[in-house]
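Each protein sequence line maps, in turn, to chains A and B. Heads up: the first sequence begins at 1 in our numbering, then just goes up one per residue. Heads up: the second sequence begins at 1001 in our numbering, then just goes up one per residue.
These are calculated hints, taken from the structure and not from any lab test. All residues carry an ideal CB built from backbone N, CA and C; glycine is no exception. Worth double-checking, as some hints may not be accurate.
To be verified - Stretches of chain A that chain B covers, calculated by requiring three or more beta carbons in the stretch to come under 8 Å of a beta carbon on chain B: (1) 13–25; (2) 28–37; (3) 67–76; (4) 96–110; (5) 141–148.
To be verified - A few chain A residues facing chain B, derived, Cβ under 10 Å: (6) Gly42; (7) Thr47; (8) Ala63; (9) Tyr88; (10) His130; (11) Pro131; (12) His165; (13) Ser171; (14) Pro197; (15) Ile198; (16) Ala200; (17) Asp201; (18) Gly202; (19) Asp211.
Chain by chain, the residues run as shown.
There are 2 protein chains.
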Amino acid sequence: MRELSHRISSGMQVYPGDPVVSVESALSVEQDGVDVSLLHLGSHTGTHLDAPSHTVVGGRTTAAIALDELVGDALVVHLSPQPAHAVYGLDEITRALGELPPTVPAIVIMNTGWSQHFDSNEVLNHPAIHPDAAAELMRRGMHLLAVDTLSPDPTGEGSTDFPVHEVVLGSDGLIIENITGLENLPERVRVGFFPLPIDADGAPVRAVVLDN
Amino acid sequence: MRELSHRISSGMQVYPGDPVVSVESALSVEQDGVDVSLLHLGSHTGTHLDAPSHTVVGGRTTAAIALDELVGDALVVHLSPQPAHAVYGLDEITRALGELPPTVPAIVIMNTGWSQHFDSNEVLNHPAIHPDAAAELMRRGMHLLAVDTLSPDPTGEGSTDFPVHEVVLGSDGLIIENITGLENLPERVRVGFFPLPIDADGAPVRAVVLDN
Chain A
1 MRELSHRISS GMQVYPGDPV VSVESALSVE QDGVDVSLLH LGSHTGTHLD
51 APSHTVVGGR TTAAIALDEL VGDALVVHLS PQPAHAVYGL DEITRALGEL
101 PPTVPAIVIM NTGWSQHFDS NEVLNHPAIH PDAAAELMRR GMHLLAVDTL
151 SPDPTGEGST DFPVHEVVLG SDGLIIENIT GLENLPERVR VGFFPLPIDA
201 DGAPVRAVVL DN
Chain B
1001 MRELSHRISS GMQVYPGDPV VSVESALSVE QDGVDVSLLH LGSHTGTHLD
1051 APSHTVVGGR TTAAIALDEL VGDALVVHLS PQPAHAVYGL DEITRALGEL
1101 PPTVPAIVIM NTGWSQHFDS NEVLNHPAIH PDAAAELMRR GMHLLAVDTL
1151 SPDPTGEGST DFPVHEVVLG SDGLIIENIT GLENLPERVR VGFFPLPIDA
1201 DGAPVRAVVL DN
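Turn these sequences into a full structure, and let the hints guide you.
Here it is, written out as structure tokens:
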């Protein structure tokens, strides 16, 4: 079983404007007989799922997302290293794959290499996918787009324009952000994204490669 | 994929003394361009994992628990319906199984039927496993004990005596509490418990039956 999730911890990197994360002691073995922790976090913390309702008024929330949408065979696109603020499209994706298959699995994972910057200031300068490429992948069968960056759209000061979110969530698809641990994965793997069982606009997930 | 987790929601049932749960709006599509929620919860909320450090000073925390300990073949023990405050032991377990196998899978799940009371006052009056039965199951190969109750030990006012926790966590084993959805499961199933990726004394899990 291979880990594809970032650890959630106090003060960790979050999307600008999202709630600050804390994990602190609530009860202790010495005083209370048990150690229990108190967690404060946003629904889009760490490696997490965007439900359609994250950006679409009236869109599905996490309670309406079946586990079967979050588990299955995936195509992993190992892009050539992307520079800061790069926007990659079908050309870069095709080059990474050799050729673009006429149909793609329901889960497509983009490895830009940017997850190595998760705990540094560089995290904000991540590459982004072009909305036209996301739309073409949706036409070819993608239902869930997973990226190793804070967002599939560029992250900027007070940005309220989310074209890739519109393409994917607007078609009732799903997005996973901040996936990690993609190095040397085969192009086809079976993955699972297991969300905290809340009913909300998104949820942290435990992301793993499942053994066949 | 079958769901074995309770939903986490504001004001839900928690173990007496544990942090109160809230899931509230932090950002909204109308005002901020995105819906984001703020979550407050304890590490032992809903269907969750007890790490050894929950009751054992110096015991392992969740970060030291491998995913492979949380995924695998399980023995499901469908006990006859247990009355309030019952303590069931090897006799009841043997009767449920026909015979007690000389070796059991690393994951053993107890179905007492009590998860139906999760959202009622009856939840506190749950049955409990006798510590001798837990110890015998550990000797026969159990590493993880999953129960459909708030605890494998009786839950009482200010209780600080946790003999089953001592048997299981004290031997570096694991406990899953508040599993649900066990009705009509076969006696042998492949399950996965996917914790929120925090480093703590425990963590909420997404519990599922995995397809083979």
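Original post:
With 10 Å as the cut and Cβ atoms as the points, is Pro197 of chain A at the interface with chain B?
Top reply: At 5 Å from the nearest chain B Cβ, Pro197 of chain A passes the 10 Å test, so the hint holds.
Original post:
Checking C-beta pairs, does the segment 96–110 of chain A have three or more residues closer than 8 Å to chain B?
Top reply: With 0 residues closer than 8 Å to chain B, the segment 96–110 of chain A misses the three-residue bar; violated.
Subject >> Supplied contact hint for Ile198 of chain A, tested at 10 Å Cβ to chain B >> reply: Given a least distance of 5 Å, the restraint on Ile198 of chain A holds.
Original post:
With a Cβ-Cβ cutoff of 8 Å, does the segment 141–148 of chain A contain at least three residues near chain B?
Top reply: violated (count 0)
Original post:
If you take the shortest Cβ to Cβ gap from Ser171 of chain A to chain B, is it below 10 Å?
Top reply: Check failed: Cβ of Ser171 of chain A comes no nearer than 17 Å to chain B, outside 10 Å.
**OP:** Identify whether the interface hint at His165 of chain A stands, where standing means a beta carbon of chain B within less than 10 Å of its own.
**Re:** holds (8 Å)
Original post:
Against chain B, is Asp201 of chain A within 10 Å by beta-carbon distance?
Top reply: Because about 4 Å separates Asp201 of chain A from the closest Cβ in chain B, which is inside the 10 Å limit, the hint holds.
Subject >> Restraint check, 10 Å cut-off on beta carbons, for Asp211 of chain A near chain B >> reply: At 8 Å from the nearest chain B Cβ, Asp211 of chain A passes the 10 Å test, so the hint holds.
Original post:
Holds or violated: is there a CB of chain B closer than 10 Å to the CB of Gly42 of chain A?
Top reply: holds (6 Å)
Subject >> Residue hint Tyr88 of chain A, partner chain B, criterion CB-CB below 10 Å >> reply: violated (23 Å)
Original post:
Should the interface hint for Gly202 of chain A be scored as holding, given a Cβ-Cβ cut-off of 10 Å against chain B?
Top reply: Holds, because the Cβ-Cβ distance from Gly202 of chain A to chain B comes to roughly 7 Å (cut-off 10 Å).
Original post:
Any CB of chain B closer than 10 Å to the CB of Thr47 of chain A?
Top reply: holds (7 Å)
Checked against the numbered hints above, the structure violates hints 4, 5, 9, 10, 11, 13; every other hint is satisfied.
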